[in-house]
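*Asks:* The residues making up each chain are set out below.
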Amino acid sequence: MKKPEITESLLAPGHKACAGCGEALAARIIMDAAGPDIIVTAATGCLEVFSTLYPQSAWKMPWIHSLFENSSAVAAGIEVALKALGRENEAKVIAQGGDGATADIGVGCLSGMFERGHDVLYICYDNEAYMNTGIQRSGLTPFEASTTTSPSGEISWGNKTDKKPMPEIAAAHKIPYVATATVGYIKDLEKKVKKALSIKGPKYLQVHCPCPLGWAHDPSLTIKVAKMAVQTGLIPIFEMENGKITSVRKIAKKRPVEEYLKLQARFRHLFKKIGGEEEIKRIQQIADNNIKKYGLM
Amino acid sequence: MKKIIEGSMAVAEAIRVCRPHVISAYPITPQTHIVENLSQFVADGKLKSEFVNVESEFGAASVVLGASATGARTFSCTTSQGLLLMLEVLYNIAGLRFPVVIVVANRAVSAPINIWCDHQDAVTARDTGWIQLWAEDNQEVYDMCLQAYRIGENPEVSLPVMVNFDGFILTHAFEPVDLIEQKDADEFLPPYKPVQYLTPKNPLTFGLLVDPEYYTETRYRLQKAMEDSKKVIEDVAFEFKKKFGRYSGGLVEKYRLDDAETAVISMGSVTGTIKDVVDNFRDEGKNVGALKIRTLRPFPKEAIYSALKDVKNIIVMEKSISLGLEGVLSTEIKGCFYGKENQPKISGFIVGLGGRDISKDSVRKTILKAEKELVEAEFVDLKYELIGGKLL
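If you read the sequences in order, they're chains L and E. Its first residue numbered 1, the first sequence is counted upward by one per residue in my numbering. Its first residue numbered 1, the second sequence is counted upward by one per residue in my numbering.
Hints were generated in silico from the structure; no laboratory data involved. Check each hint, because a few of them may be wrong.
To be verified - Below, in silico cross-link-like pairs of lysine-lysine (DSSO-like), each with a Cα-Cα straight-line distance of 27 Å or less:
1. L:83 x E:201
2. E:201 x L:191
3. E:48 x L:200
4. L:83 x E:183
5. L:195 x E:254
6. E:254 x L:83
7. L:60 x E:201
8. L:83 x L:16
9. L:281 x L:292
10. L:164 x L:244
11. L:194 x E:201
12. E:254 x E:390
13. E:3 x L:83
14. E:372 x L:60
15. E:201 x L:200
16. L:83 x E:242
17. L:200 x L:244
18. L:281 x L:174
What the hints assert, rightly or not - So these bits of chain L aren't anywhere near chain E, every CB distance computed over 12 Å:
19. 55
20. 76
21. 139
22. 148
23. 219
24. 227
25. 269
26. 288
27. 290
For every residue, glycine included, the Cβ atom is placed at its ideal position computed from N, Cα and C.
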């Protein structure tokens, strides 16, 4: 009897991710698009924790987790070692990290990896906060999301800053390929992984991954939330090759940001507190700016 | 072949014949000449290594970690702040059991910033799970580099090794060093054959999350591997001696300890000065000897006890301190005699911090003082005029 197809995935089922986890879905899609001849690194975070509780591992490819901030540097070491050992055709190297590991604590190592031109695909799973430690804000937490360290309160609307422009920061290193993707559009994600791996040099792929726990939305709505983020313009989906935008995912029917925000309790305060309407307008402005900047419509 | 070369060049020459696949380092005084020499070897095609210039020592340690995980022989070197910046990765490399070798050009730590020699950097890293070898001179550091790979890459050991030698005092000193030919080095140090490494041919997961059910046993295994490595460290030193005629590794070096009543314990280049003072005392008919610690981790407590069990006075002279207690080595030497009969008097002196010279006269006075009384954590050659005129 043929085994059910799911068990043939390079990220095995049975791991301990939450129901509706966008990151787990993204990781499975990415690994299956990339594998099996890959060597993968991971930063400390949800992905590493839910998939490798000893003595079990969900990863069916060679995989290593070292620390929070060095996934890219470890991957660089793997890449040069393969070269030095004459094994460079054995595997492609993929580094993974969450938004905090990528944009905050690991940004130094990541910049080094880009600058030195290592042939590594870096995946940033962007679920917009430190979910593994209990939903603290990161450099990729969006404007006015309430997290446990940027809570809304009597005199606070939540996170005071907007997302750090990591794709642009990556592109500023003059690397050949930068792209954003989302679990909302899986075919697009698969395509970008395959394309990235066909290009030599450092690649950066930032994948928007809803987190039902941290964003406080129903686990059944992960894909809907992810799609809505794109359709509002809050999460632009694009490719940058050698520093220039070469493709964008167009928005067929623009949705107002309220429709996205109201699905998630991390934005609940915007609908409850007096003055929230004004704040939502500011978020709409971010979406509109994205639409203009990236030519999403 | 003997050549008069700088200590940093001695390390670079040693690493060249060890043929590391991957070198990654970040420049920091007084380590720089080592990486400059290695870079030049690579640039001239004399060393076939991937040399990765990184953005920090943290990155350097992470790059060699990844390379070692892939089955490569790796090298890095640093000092002081750089070693401290590596610290998180050092623990990780040891826990993952990768036989990375790094050389540390020992230097004081900040603040106040000071680029000269003491041992606070590596002594601070003593609990990381790295084997620590300490060299007295440039021949020793040269020999220890070759031995370091043999020790760490032994599958029974599988531990990273840190080779320490004094910043400036040795890194920038020109001494005759007997260099080993590539062919002989290759015979002593065959290619690294990792038991487990990252490859799609045998996809393994490294660095898993380990809960309370399993974590203790990983630390137990590390501790056991450290303990068991003592024999390997000695075996490798004997094998090196058989091939090259020098016993320049191992756990400790005894100097004129037969019938000694007083013994001075030290690590690194200060041992040379101490040996001179010992010779002077011997000429005067005084029974003084010295013991050099070559391996700080694993700590050779049996070898130390056996070398010093008949000594009445032990004087520890060290270039680091566990602030709020005393010199680290002092505490550890005392531990060697716990529960034994005929306990010696053990005095501790802090010397040579931040590169301050230690004269033979100071060593001599220190020994004479400790023979009369028990001294704890005394700072030698303290300038009273800088601390208000008297001891605080």
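*Asks:* If a hint holds in the structure, say so; if it does not, say that too.
*Replies:* Hints and how they fare:
no.	hint	in the structure
1	L:83 x E:201	holds, 17 Å
2	E:201 x L:191	holds, 26 Å
3	E:48 x L:200	holds, 23 Å
4	L:83 x E:183	holds, 24 Å
5	L:195 x E:254	violated, 64 Å
6	E:254 x L:83	violated, 45 Å
7	L:60 x E:201	holds, 11 Å
8	L:83 x L:16	violated, 35 Å
9	L:281 x L:292	holds, 16 Å
10	L:164 x L:244	holds, 19 Å
11	L:194 x E:201	holds, 21 Å
12	E:254 x E:390	violated, 37 Å
13	E:3 x L:83	violated, 34 Å
14	E:372 x L:60	violated, 67 Å
15	E:201 x L:200	holds, 23 Å
16	L:83 x E:242	violated, 36 Å
17	L:200 x L:244	holds, 17 Å
18	L:281 x L:174	violated, 35 Å
19	55	violated, 7 Å
20	76	violated, 5 Å
21	139	holds, 18 Å
22	148	holds, 22 Å
23	219	holds, 23 Å
24	227	holds, 32 Å
25	269	holds, 34 Å
26	288	holds, 37 Å
27	290	holds, 31 Å
Violation of the numbered hints given earlier is confined to hints 5, 6, 8, 12, 13, 14, 16, 18, 19, 20; the remaining hints are satisfied by the structure.
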